[in-house]
Amino acid sequence: METEHKVTIVTLKKEKDIIRQVINESNWYLIGCVLSLTMIGLLMIYSTTLSNSLSYVIKQFFAFLVGVTILFLFSIINYQLFQAYYIHLYGFSVILLTLVLFIGTAYRNTRAWIDFKLFSLQVSEIARILFILSLAGFIDRDYTKNRRLIQLFKIVAFFGLIAFLLILQPDFSALVVYFPIITIMLYLSGVNRKLLSYGLLFGFTTAVLVLIKIYLMIKENVRSSNIVNFVNASLNDINIQYIIVLILIGILTWFVWWILKKLLFRVKISYLILTIIVLWSSYTLVNFSHRFVKLYQQKRLIAFLDPYFDPTGAGYQIIQTRIAIGSGRIFGKGLFGSTQAKLGFVPEKHTDFIFSVICEEFGLLGATIVISLYLLLILEGTKIMFSARDTFGVLLSSSIVSMFAFYFFINVGMCLGILPVVGLPLPFLSYGGSNLVSSYMAVGILNSIHIRRYIY
Amino acid sequence: MDWENSPYLLRKQFYSVLNILRYLLLLPIGVIYLFLIYYQIFRGEYYYEISEKNRLRIFSINAPRGIIYDVNNNVIADNRPSITVFYYPLQRVNAEEVNNLLSILPFARDKIFNALKTKKVVSLGSDLDRQTIFHLFLTKHRIGNVFVSTEFKRRYPENELFSHLIGYVGEITYSEYLSLRTKGYGYTDIVGRSGIEKVYEEYLKGVNGALFMEVDAKGNPTRILRTVPPKVGKNLYLTIDKDLQKVARDAIARTGKNGAVVGVDPRDGAIRILVSYKDFNPNLFVVPTEEKKILLKDKSLPLLNRALQGIYPPGSTFKVLTMIAALNEKKFPSKTTVLCQGSFKFGDKIFKCWEKKGHGYVDMFNGLRVSCNVYFINLGLRIGIDEIEKYAKMFYFGEKTGIDLPYEVAGIVPSRNWKKNKFKEEWYEGDTVSVSIGQGYIVVTPIQLAVFVSAVANRGIFYTPYIVSRVEDVDGEILYTHTPNKKDLTKINSEVWDFVINSMKAVVSSGTGRAAYIPEFPAAGKTGTAQNPQGEDHAWFICFAPAEEDKQAEIALAVIVEHGGKGGSVAAPIAREVLIEYYKKTRMKQITPQTVHSEVEYGD
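So the sequences go chain by chain: A and B.
Each residue of the first sequence is one higher than the one before, counting from 20 in our numbering.
Each residue of the second sequence is one higher than the one before, counting from -14 in our numbering.
Don't read these hints as lab results, they were simulated from the structure.
Since we're looking at a predicted model, the values are computed, not measured.
Built from N, CA and C at the ideal position, the CB exists for glycine as well.
Errors might be hidden in some of the hints.
[Stated by the list, open to error] Derived EDC-like pairs (lysine to aspartate or glutamate); straight-line CA-CA distance at most 20 Å:
1. A:Lys164 <-> B:Glu276
2. A:Lys78 <-> A:Glu44
3. B:Lys330 <-> B:Glu414
4. B:Lys203 <-> A:Glu367
[Unchecked claim] Which residues of chain A face chain B? A few of them, derived with a C-beta cut under 7 Å, are:
5. Gly347
6. Phe364
7. Leu383
8. Ala386
9. Ile388
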């Protein structure tokens, strides 16, 4: 505790002429690109809600003003301050998430907002930033301790409480965003990477197998071929097919391992055994998984694979959104010229699916501009990540940048119909004040790291 | 922990992760961009078309059919506005919406389900009453997808009067739609099914307009993008005279029997009257009802156009042709007299003359005047069947007259070959006996006889009958005018015509056709009483008027009353009524009451 206290004092001494530093040293590329994205977002929100009311644009604009203020506030505050108070920040986020369960207002069966009369706050957005700060602070305490397995369990428990509170809301899409944050932090923390990789492999194969299983279950007509029938049977029950598949997995994995060995890679036999066990266990888990997912959720999960299996139900959103994107062609239908979005074929047009409106009204040209701005955001973020002056800065910046990239990939992938529909907004563009403010907060932290890159 | 103080291993651990992360972050952007290029450039046109289809609803605006006028510009077919409800089902079916619709329009059940299946715009019903429409508008916010508009429906203001002539219209069938689609027909269009409506379909049919409406995802119209106004069909001007038609139709109806009246203008073949009784109301066919089925089952065959499709033996009216043949072939001088004792014995068969007492000695003039069967049997036997056949065909019996109406039949002119082909039998002289007085195998249609008598009035000039004199578009531009189709029968001598016309004049003035006599407007005609196996004789009368020296005949008539009895007493009075009406119309004079004929006994 003593050292931490010292660090705080030292930092404060150096921050005398902080305003001048903020103006001179800020990453203006980053801020400019974020501001441009917000402007485009405001324009698109205006375009899509033109027929309803102006209140959407006005609310978003006020959130933007708040966001810019917070950006500069977080630029001024030395990010290193947060490291010392990680436990308080974590406590605060848990309190927020608990509070919302009692006094929050529900919208679409999700109790995620606290109503402040003038505006309502989606607490999970703020809690996520607080979680990033607190987890980074926890990991950065002592890297030698991090090697121990108990530390991994602590981190998992750390996250487990948050996840539990989010599931109680229930807000699964907010939960999804924690995935890139935790993964990148764990890899940086020094926890056994072999273990992490097997965990990832397990998660990935399970997810893919679940999708395959649901797909085969719902699309009965693809089951005409013997191989498909065989796979389907093996995924549904513990039977002879299941055992054959397990044996096949074992043989195949051994074969790959054997070839790698022949190619003179030194791969230990423990890797082979662990891989086989991970694959087997995920295959076995899938056998029981479908009981936890309801039919309509199953349909929504696999609709992106073949939206035409249920074109008026689960696939409708995907088909219509894809039509909206495609119909923009190269130059788009012009500002306010969207038909798919404006006439209600595209759902959630001003929030989650705003990217499809951009594609429809401005075509590939507009999409290219938005993607370029995001590319710039990620590139500048990566630069900050590499130039951060301490490990805490690296932890923060890398998880924030990964978070933005993840948001972008999931949201746009969902619009394009190449990923399942997960209700994630597109930061800076989608309507939603809490998300905008929390995104600006994250950018403020990035900027704060950037400003202090040369200060030792 | 500052990098300054951090151990080398920690720095290595960090940078190895960050270097991988740098590329991992950029990879998704590339993948997304490739997908965007695929969807927006390679599949762009395809998706654009779908997005247009999504938002567009095209409503066809049915073009009103052309109006049909008679010769005096009286309207005999026009259009009336009718309120129609259209339904356009969405991709996503809303069960509540369908239920609401069913509760308001229970009769359109089949159509609604059909529309849900085909996903096409359908009209759920026309001529809806105010209450239903009011109800629809009240619940519109719960139904959506429904579009109320005004359509034009065919109307026949004269109801039965022109039924067979004008025909009727009906909704296009699916197979017709498939074949007519290229000509601009929609699948809810109306097509002519019979009569003028069928023959002049291409003129009467307008060009459908369209309403391009933008709708939102729930199917509610947001705005009208474009309207293409329909082009009205072309107007037809007929040669028919409504007043004459009405007089003729009423006269037949009064007899209580079925029949037909055909009136032709001998000067160019224009049809002035075309009555077929029993008739029907074509308005019933515009909106399909049960009554159509009743009409189809009616034993009096109201849908049969007797003027064109009814085949009857011509009876004594055929004697005019036998006479022309005999005189022109110079085989039987007109001065020759024959003794009529009331019957003619041929082989073991006895042919009776209608006058049981017999006519005594008659020459050719009186033979026609009193319609003596015995005289004409002798005449027929003298000239033979081959000559009769030749002259019958010369006057276009046995073939269609070529009038611009559908379903005309040809009738039969018997001959030796015809009998051989038909019955595998030789021609007997007894058959000739029958044919020479218009009985036996010979059958004609009323229009054939009308055209025949007008050719006699013209002294051998034959015109193809026609009904439509011209077609105009809405701006009055003439698109079609009829040019009379003239055929000369030059083989017949002028003296023959003089004799035949004089004899026919005598039939009306002092013979069997006295019931049609009007001193101011003398006619030349011939009665006929056609025996038939079905029952009582058919009553025939054919005539033309005025039959005066140096005056062109203006109207030629053929009247038949099925099973009416004697032609002179049943058919001739009908002709007289028509002639009086014609006289009144053209001469602007009344017929003086005393000239109305006194009750006389008319034969044949």
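| query | Within a Cα-Cα threshold of 20 Å, do Lys164 (chain A) and Glu276 (chain B) meet the stated pairing? | reply | 97 Å, violated
| request: Take the C-alpha atoms of Lys78 (chain A) and Glu44 (chain A), compute the straight-line distance between them, and say whether it is at most 20 Å. | output: Given that 20 Å is the threshold and the Cα spacing comes to 31 Å, the pair is violated.
| request: Go through the hint on Ile388 (chain A) and say holds or violated, using the shortest Cβ distance to chain B against 7 Å. | output: Hint on Ile388 (chain A): violated, closest Cβ of chain B at ~12 Å, above 7 Å.
| task | Using 7 Å as the Cβ threshold, decide whether Leu383 (chain A) counts as touching chain B. | result | 4 Å, holds
| Does the structure keep Lys203 (chain B) and Glu367 (chain A) at a Cα separation of 20 Å or less? | Roughly 15 Å between the alpha carbons, so the hint for Lys203 (chain B) and Glu367 (chain A) holds.
| Should the interface hint for Phe364 (chain A) be scored as holding, given a Cβ-Cβ cut-off of 7 Å against chain B? | 5 Å, holds
| message | Next pair to validate is Lys330 (chain B) with Glu414 (chain B); report whether the Cα-Cα distance is within 20 Å. | response | At roughly 12 Å apart (the allowed maximum being 20 Å), Glu414 (chain B) and Lys330 (chain B) satisfy the hint.
| field | Interface hint compliance - Ala386 (chain A) to chain B, C-beta minimum distance less than 7 Å | value | 5 Å, holds
| said: Interface hint check: Gly347 (chain A), Cβ to nearest Cβ on chain B, cutoff 7 Å. Holds or violated? | reply: 6 Å, holds
Checked against the numbered hints given earlier, this structure breaks hints 1, 2 and 9; the rest are met.
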